[in-house]
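Chemist: Each chain is listed here by its residues.
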Amino acid sequence: MADLYDWVNDRLGIMPGLVYVVRRKIPADVNWLYTFGSATLFLFLVQALTGGLLAIYYSPSPDHAYASIQYIMNDVTYGSLVRGIHHWSASGMVLLVVAHMLRVFFTGAYKYPREMSWMVGVVLLVLTLAFGFTGYLLPWDEKAYWATVVGTNIAGAMPLVGDWTVRLLRGGADLGVLTLNRFYAMHVMLLPMAATVLISVHVAMVIRQGISYPPRRDE
Amino acid sequence: MATDSEADDSGEEGRRRFLSRTAAVLVTFIGGALAVPTIGHIVSPTLKPADNPLVPLGSVDQFEIGKPLKVDFLYYKNDGWVQERNSASAWVVRKSQSEFVVFDPACTHLGCPYGWSAEQNQFVCPCHGGVFSIDGTVLAGPPPRPLDRFQNSVQDGKLFIRQVVQRG
Ligand code: HEM
Ligand code: FES
Numbered sequence: 001m002a003d004l005y006d007w008v009n010d011r012l013g014i015m016p017g018l019v020y021v022v023r024r025k026i027p028a029d030v031n032w033l034y035t036f037g038s039a040t041l042f043l044f045l046v047q048a049l050t051g052g053l054l055a056i057y058y059s060p061s062p063d064h065a066y067a068s069i070q071y072i073m074n075d076v077t078y079g080s081l082v083r084g085i086h087h088w089s090a091s092g093m094v095l096l097v098v099a100h101m102l103r104v105f106f107t108g109a110y111k112y113p114r115e116m117s118w119m120v121g122v123v124l125l126v127l128t129l130a131f132g133f134t135g136y137l138l139p140w141d142e143k144a145y146w147a148t149v150v151g152t153n154i155a156g157a158m159p160l161v162g163d164w165t166v167r168l169l170r171g172g173a174d175l176g177v178l179t180l181n182r183f184y185a186m187h188v189m190l191l192p193m194a195a196t197v198l199i200s201v202h203v204a205m206v207i208r209q210g211i212s213y214p215p216r217r218d219e
Numbered sequence: 001m002a003t004d005s006e007a008d009d010s011g012e013e014g015r016r017r018f019l020s021r022t023a024a025v026l027v028t029f030i031g032g033a034l035a036v037p038t039i040g041h042i043v044s045p046t047l048k049p050a051d052n053p054l055v056p057l058g059s060v061d062q063f064e065i066g067k068p069l070k071v072d073f074l075y076y077k078n079d080g081w082v083q084e085r086n087s088a089s090a091w092v093v094r095k096s097q098s099e100f101v102v103f104d105p106a107c108t109h110l111g112c113p114y115g116w117s118a119e120q121n122q123f124v125c126p127c128h129g130g131v132f133s134i135d136g137t138v139l140a141g142p143p144p145r146p147l148d149r150f151q152n153s154v155q156d157g158k159l160f161i162r163q164v165v166q167r168g
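Here the protein sequences line up with chains A and B, keeping their order.
Using my numbering, you'd call the opening residue of the first sequence number 1 and step up by one each time.
Using my numbering, you'd call the opening residue of the second sequence number 1 and step up by one each time.
This is chain B alone, in the form it adopts within the complex (with noise of 0.2 angstroms):
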């Protein structure tokens, strides 16, 4: 049947061509064995999500409707094996008995910590000049976008935003 000899098997010829690609298999095998965890263990940070954990600020019962408070609180994260711990702040304001909006704390200008106005009733920043409504939206200065936020939930009579910030 096989009369050509590419498939031949038999004799020095055959043996060698057997080997080699035996050898070839072989190696592939192998390669490919090594070559899938290589490549998943390098790239292995860039497949987890971000880590953002979930921070309690307190009893629900200190805010008072339509007036803001600034909340310090400490959080923990992960930053590969290493635990750290540390400090922030956050503007809440009560909109109603269970709806909370959370701010970060940074102007959206360049960062500078803005502070609460209780006689203009507006968010105000002492750098350039950025005012923010109670709603986070821009009402005069340079701040190119609405204040960015937390997000909030409660729970059991606990307010908690996850640490990330959303862009506002």
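The following block holds chain A by itself, in its conformation from the complex (with noise of 0.2 angstroms):
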């Protein structure tokens, strides 16, 4: 262990920085609620990884969607359990981020120096429930394209963009191929790619402030 580290700190230098991580001090009193937003980051490792093993078989076009799901369900070894988590874990992903921030809420931590936190945890919390709303349509049953038609249409509601908001949820008036091929570039690429770089800047930001104290009464 001593010589791993060694090896690799000879070269990058970085082992110091990394343990000063895992190291670093944090509030005595801080409690279990403290730990939502790193069981959020777990989650979201876990659906990365999850998802990524269904991506090995899923298909995703209205001829192939269903079946391929069905082939996950019923073929792939361990395929019932990789959907079975990645499903699960993403309605606990929604509970958590929405624990996190009730705690950082009641707690007053979106306070100075923090507001940065808050306002990119924002965005995190918008991209989460979208990749609850791409992910729902991918199986292609009647849930998933009735709920997405439900879904979509509320964007309707808005007034003079809402037309054209539901089209360009949709790729076109109505649901069908380029809604499920849209969807699903959204959900496996491009909010990946932007979560990703958000939960750094995120985390990267506790790790420079620290965490906040926990409210006391004498303050």
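Hints are not guaranteed to be accurate.
Not everything, but these chain B residues come out facing chain A in the computed CB check (under 8 angstroms) [to be verified]:
| hint | residue |
| --- | --- |
| 1 | Leu34 |
| 2 | Ser44 |
| 3 | Leu47 |
| 4 | Pro49 |
| 5 | Leu139 |
Just the calculated beta-carbon pair ranges, DEER-fashion [claimed, not checked]:
| hint | chain 1 | residue 1 | chain 2 | residue 2 | range |
| --- | --- | --- | --- | --- | --- |
| 6 | B | Pro45 | A | Ala147 | 26 to 36 angstroms |
| 7 | A | Val19 | B | Leu26 | 13 to 23 angstroms |
| 8 | A | Leu33 | B | Gly11 | 25 to 35 angstroms |
| 9 | A | Leu33 | B | Leu26 | 16 to 26 angstroms |
| 10 | B | Arg167 | A | Ala147 | 26 to 36 angstroms |
| 11 | B | Pro45 | A | Trp32 | 36 to 46 angstroms |
| 12 | B | Leu26 | A | Lys143 | 48 to 58 angstroms |
Think of the hints as simulated: they come from the structure by calculation, not from any bench.
We treat Cβ as the ideally placed atom computed from N, Cα and C, and that holds for glycine.
With the hints as a guide, dock the two chains, each given alone in a separate frame, to form the complex.
Modeler: Laid out in structure tokens, this is it:
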């Protein structure tokens, strides 16, 4: 271990920095509520792994989407387990990100100097929900199809730009090949890239600034 | 008893050691729990035997003993979640009342479709002069091995083959 540490450090000189990140001091009176952010991060990594595995077999076209998911469920070794983890972690991630936000809100941790963490966090919340919305369509069954019809219709309620936004989301007037393909591209390419960058920024700020002190009665 | 400070889990140092060990155990456990399905999922297609469907070639009555007949057939094959419909053909040789040999119709030299010559009583390949006997052995020309075969079976008066070709 020590040899490996030296070997890497002799070349990159980053080991003390990494040790600092793991060993950095945090307020003594933080509690379990302060783990929601890390728990969200863990589920994000689980989603990246299981999502990548599902992409090995999933085919994003109306002709194949449903059958390829049946194949994952019935023919691929551990396929139903991998899909199950991805499914439940998706819901778990939404719950945790909201719990994390509530913790930040009720401890007042969004205040100076952490406003940027909060703002980046708001975008991450939107991205998390966008993951859920785009992912829900991919199985291309009745439930997925109609949920997306309804979900995209909601955008139509906006004044002036409503109709245009619905067409933007669907890639046309109706739900079809273009919708499935753009939802897939969003779900597996654009959203993950954006989330990876923003989570890195978010966590870098936490490390740079340290975790806020829990509010105390006498303050 | 445990005077050795390594085993002492009381106090600030002990608490830290206990927590980091617990974390290490949990990380190992969770890592393993993710690694096993990950590997299984990726290697899954290599664990499955190749699809080798049973294909019906019709009634045995159409085949005369000692007179090879070429039959065309359709078969369905699974390619992942897609079922493919393919057509192919085979040379059927009836050796006796109940015994059949079914040859792949591609010459074992470079894959030309060979034919049956009734005068010569031999299979003859038009491409480079390959000649095979009725039991598939090479009699002349460049083919490096006897004709490839399909496994066959007879059920209820019908001839069936397995779609995957066996090397001759
Ligand atoms: C993908 C989603 C997110 C991830 C992975 C994430 C991750 C983290 C982590 C690991 C921390 C360290 C402290 C803790 O765990 O509580 C943190 C802190 C913080 N997060 Fe998030 N977060 C996410 C979304 C959000 C959202 C939606 C908000 C608010 C709108 C937010 C606002 C903050 C703020 C202000 C802090 C600093 C808290 C402090 O210093 O006490 N984050 N985040
Ligand atoms: S392919 Fe038949 S002899 Fe060459």
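Chemist: Taking the hints in turn, state whether each one holds.
Modeler: Here is how each hint holds up against the structure:
no.: 1; hint: Leu34; in the structure: 7 angstroms, holds
no.: 2; hint: Ser44; in the structure: 4 angstroms, holds
no.: 3; hint: Leu47; in the structure: 6 angstroms, holds
no.: 4; hint: Pro49; in the structure: 13 angstroms, violated
no.: 5; hint: Leu139; in the structure: 46 angstroms, violated
no.: 6; hint: B:Pro45 x A:Ala147: 26 to 36 angstroms; in the structure: 31 angstroms, holds
no.: 7; hint: A:Val19 x B:Leu26: 13 to 23 angstroms; in the structure: 20 angstroms, holds
no.: 8; hint: A:Leu33 x B:Gly11: 25 to 35 angstroms; in the structure: 26 angstroms, holds
no.: 9; hint: A:Leu33 x B:Leu26: 16 to 26 angstroms; in the structure: 20 angstroms, holds
no.: 10; hint: B:Arg167 x A:Ala147: 26 to 36 angstroms; in the structure: 53 angstroms, violated
no.: 11; hint: B:Pro45 x A:Trp32: 36 to 46 angstroms; in the structure: 43 angstroms, holds
no.: 12; hint: B:Leu26 x A:Lys143: 48 to 58 angstroms; in the structure: 35 angstroms, violated
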